[in-house]
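> From first to last, the protein sequence lines are chains C and Y. Start counting the first sequence at 46; every next residue gets the next number (our numbering). Start counting the second sequence at 10; every next residue gets the next number (our numbering).
Derived from the structure by calculation, the hints contain no laboratory data. Each hint should be verified, as a subset may be incorrect.
DSSO-like, lysine-lysine: derived pairs with alpha carbons at most 27 Å apart [to be verified]:
hint	chain 1	residue 1	chain 2	residue 2
1	Y	K278	C	K309
2	C	K212	C	K192
3	Y	K64	Y	K278
4	C	K288	Y	K104
5	Y	K278	Y	K255
6	C	K288	Y	K255
7	C	K288	Y	K101
8	Y	K104	Y	K64
9	C	K288	Y	K216
10	Y	K64	Y	K174
11	Y	K69	Y	K104
12	Y	K278	C	K212
13	Y	K144	Y	K104
14	C	K273	C	K192
15	Y	K64	Y	K101
16	Y	K216	Y	K278
17	Y	K144	Y	K216
18	C	K330	Y	K278
19	C	K192	C	K268
20	C	K212	C	K330
21	C	K288	C	K273
This structure is a prediction, so every number in the text was calculated from the model and none was measured.
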Amino acid sequence: MSILVGNDTRLLVQGITGREGSFHTTQMVEYGTNVVAGVTPGKKGERVAGVPVFDTVEDAVAETGANTSIIYVPARFAPDAIYEAVDSGIGLVICITEGVPVNDMVPVYAYVKAHGARLIGPNCPGLITPGEAKVGIMPGFIHEPGKVGLVSRSGTLTYEVVDALTKAGLGQSSAVGIGGDPVIGTSFVDVLRLFQDDPDTEAIVMIGEIGGSDEEDAAAFIKEHVTKPVASFIAGQTAPPGKRMGHAGAIISGGSGTAADKVKALEAAGVRVAQSPSDVPRLLKEAIAAA
Amino acid sequence: MDVHEYQAAEILGRYGVPVNPGRVAESPEEARAAAAEFGGTVAVKAQVHTGGRGKAGGIKLAHTPDEARDAAGAILGMDISGHTVNKVLVVKGAKIAHEFYLGVVLDRPNRQVLVMASAEGGVDIEEVARERPEKIVRRLGDPALGFQPYQAREIAFALGLPAGKVNGFAAIAQQLYDAYIEEDATLVEVNPLILTDEGDWIALDSKMSFDDNALDRHPETEAMRDLAEENLTELDARQSGISFVKLDGDIGCIVNGAGLAMATMDAVKLHGGEPANFLDVGGGASASQVAKAFSLVTADPHVRAILINIFGGITRGDVVAEGIRDALGEVQVSVPIVVRLSGTNAEEGKRILADAGLTAVDTMEAAAAEVVAAAHGKAA
């Protein structure tokens, strides 16, 4: 079933009656995702796209057996929503919300980890297992079921690469957007490990960007543990130091976090790094052929 | 968001950090008066949001009020790495026996808050970290329980402080950590933190930066924003929900999504051009949003061509195309525009653009090549 989401997913939407939440619930239901419940405190009994709404996550889980939650609440409510999901026994929480303060996310990250749950995001597009479940805000139609696992810190750039892969005949097992913030629940390494262990995934694409050292950590992990072919693209070759490039985490600070360093680390780990997103399919095919 | 040294010192002072008494002066005469009030030797320090002030001549010692006036006269108006000095901070001189570094930052790999210190203070800490990493002592705060007194003591002992100075140092480390958490900082730094000849601790130079995403719960920090230090275009963009960063090239970029916007800049560069900006129009890309993006990009007189790169996902290509068409009715754009439209309803979008006299291309590569050619006055 690829990784993290699929036919077994029973999805709960936190913030389901909001503008974003209701719009994307409809989209996910249309894609065929098994959306079993929604939560908005005080809106019990309502329905969104046919999905029943509950007051609390605990009630929703008890009534529907939801095992995955996606969060569309405003930034100031997002940490609370994550805590509520984890405390109600949800094992996989995806936080789409952008703009959550970093100091709020530090304890959230530790709490989720200590409780054995997994958080994806915040500030991410979510994830999709094509043909099975779309848990996020990505356009479903550009994806095609297949054998390529994709992991990315970005949104539209991921769509760009997915589209190129699909057009090149390379379908996807799962595509995971891990988010563009400095503190995110799931890192490249976490997802790479899942793809390496997933029998449905035969090759991996990793889309990184400037800031932090998660790509360097991923390179070290790939060198040691990943036997499947990997191709990559790193955005921000032309980004100036000290400036936040849209994503809160995309900043070169103190000379570290540059695209050049990341490309170097990945290439040293045997990863083929594309100069442009459209070149990823060609490099991946090369890597598959060489494997 | 960054603040000036004197503002950081003001905040840290509230947490009990022994900051050096100082006065802000905006004229040589004010600096003279401040020096006279303190008596003895003072330091006159440029207040700008950039490092390297000392090397640039932005920090001068003055032994008399007249010297302080002259120092301020020399520093005010100075350009330091593109920042004009509008204010100086006059502080009481201190007799330095030893200099330390003490800072609090986010440790991204560990997703925890890091307190770090070094007995090699007063120098560029990044250089120390690169060349002599063993000279930096680090302790991580617990995400739930915070930074513990024993951790602060461990740092103090590791720095080789004598027993009598450990508690004083530990208290300051705790205060910096508390300020970092409570003020939603992304950086709190005292460099140097000094021990004086008399054995007192003084935070001689303070620096703080703040999480933009948390500013709405810190109006008092927001009020410290110095508009003279800000790129007003970037600030204006942010108020419209657009991420904009000015660069030095001549090709304006309008893109949906931060990662794609970076990749677009890279593509322009790869095809021999130089991007004039980073711009993420954010979700939606409505006519008003696109119109705003046009006005931000065209405000730069160096821009010779504009590349619009939209990957329609949930944002539909036809809606973006209508946005571009309507925006061109509102904003006068006199340079060539190259549009790349792909994804949801891209074909409809292209028809709408064609009616408006614009041709859209399919790939980012082709668009980048075309816009570089257009900027240099050639057909692609």
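> So, for every hint listed, does it hold in this structure?
A quick look at each hint next to the structure:
{"no.": "1", "hint": "K278/Y with K309/C", "in the structure": "holds, 19 Å"}
{"no.": "2", "hint": "K212/C with K192/C", "in the structure": "holds, 14 Å"}
{"no.": "3", "hint": "K64/Y with K278/Y", "in the structure": "violated, 33 Å"}
{"no.": "4", "hint": "K288/C with K104/Y", "in the structure": "violated, 37 Å"}
{"no.": "5", "hint": "K278/Y with K255/Y", "in the structure": "holds, 15 Å"}
{"no.": "6", "hint": "K288/C with K255/Y", "in the structure": "holds, 10 Å"}
{"no.": "7", "hint": "K288/C with K101/Y", "in the structure": "violated, 34 Å"}
{"no.": "8", "hint": "K104/Y with K64/Y", "in the structure": "holds, 21 Å"}
{"no.": "9", "hint": "K288/C with K216/Y", "in the structure": "holds, 17 Å"}
{"no.": "10", "hint": "K64/Y with K174/Y", "in the structure": "violated, 31 Å"}
{"no.": "11", "hint": "K69/Y with K104/Y", "in the structure": "holds, 15 Å"}
{"no.": "12", "hint": "K278/Y with K212/C", "in the structure": "holds, 25 Å"}
{"no.": "13", "hint": "K144/Y with K104/Y", "in the structure": "holds, 24 Å"}
{"no.": "14", "hint": "K273/C with K192/C", "in the structure": "holds, 11 Å"}
{"no.": "15", "hint": "K64/Y with K101/Y", "in the structure": "holds, 20 Å"}
{"no.": "16", "hint": "K216/Y with K278/Y", "in the structure": "violated, 35 Å"}
{"no.": "17", "hint": "K144/Y with K216/Y", "in the structure": "holds, 21 Å"}
{"no.": "18", "hint": "K330/C with K278/Y", "in the structure": "holds, 26 Å"}
{"no.": "19", "hint": "K192/C with K268/C", "in the structure": "holds, 21 Å"}
{"no.": "20", "hint": "K212/C with K330/C", "in the structure": "holds, 13 Å"}
{"no.": "21", "hint": "K288/C with K273/C", "in the structure": "violated, 35 Å"}
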